[in-house]
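Counting from 1, one number per residue, gives the positions in the sequence shown under this note's numbering.
Check the hints yourself; a few may be wrong.
What the hints assert, rightly or not - Straight-line distance between alpha carbons at most 27 Å, and here's what the computed DSS-like set of lysine-lysine pairs gives:
id: 1; residue 1: K38; residue 2: K126
id: 2; residue 1: K149; residue 2: K137
id: 3; residue 1: K139; residue 2: K43
id: 4; residue 1: K76; residue 2: K157
I should point out that these hints are in silico values taken from the structure, not numbers from a laboratory.
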Amino acid sequence: MSMRIGDYAGISAGFQNNTSKAGKYNNVRDYSNYLMGKYSCLKPGNNAAVSVTSGLLKKAMADEKTGAWLEIELAKAPDYIAAAQKSAIAHGSTLKSVSIEFGEEYSTMCTLVVTDGGGTDPEIDKWLEKVKENQAKKKEEEKKLEQRKSEAQELEKSLQKIELKGDDLEDLMHQFTKKLSGSSSGFETGSFDVRA
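Let the hints inform the model, and build the full structure from the sequences given.
Listed below in structure tokens is the structure:
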């Protein structure tokens, strides 16, 4: 038996991200797109699904505390499913299907289908592995982004602004050459003919 919980909850992969500069979301679609991008568990598998009701999405957009709770729970959802799978195996059963729905007022509904036999369901295993891989990729991307930001900050610190005032171009070039030769920035100085 397989079970699939889909896009009825207001989360869909087809939405574009249109966040405002202030970090607020223009509508529920934008917010759901953000969550789907951040939490790959919201992309359903054949026998595993995690969803959020549209009412909770609206509330989480408007209330920072609710939004924080939702993100914590979405981050833990794959762990909940893996724990349910282990529990079923410990009791000689197989978890064949699982869905978790996060709803208003901090409610969580979980539907499980368990059969005799022990072991794991290959579809759930694939889904969990895909979620794990996506989390690792996301962490790597965040790490690279932080490194680029750090490099950009270092570059900005190393850039020097030189302001010169003079009577003519020859005077400015003389001042420029003098500044560069006096700095420890490692610049090689040279000259050129201003009269050309």
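Inset, instruction - Of all the hints given earlier, name the ones this structure violates by number, lowest first. - result: Of the numbered hints given earlier, the structure breaks just one, which is hint 4.
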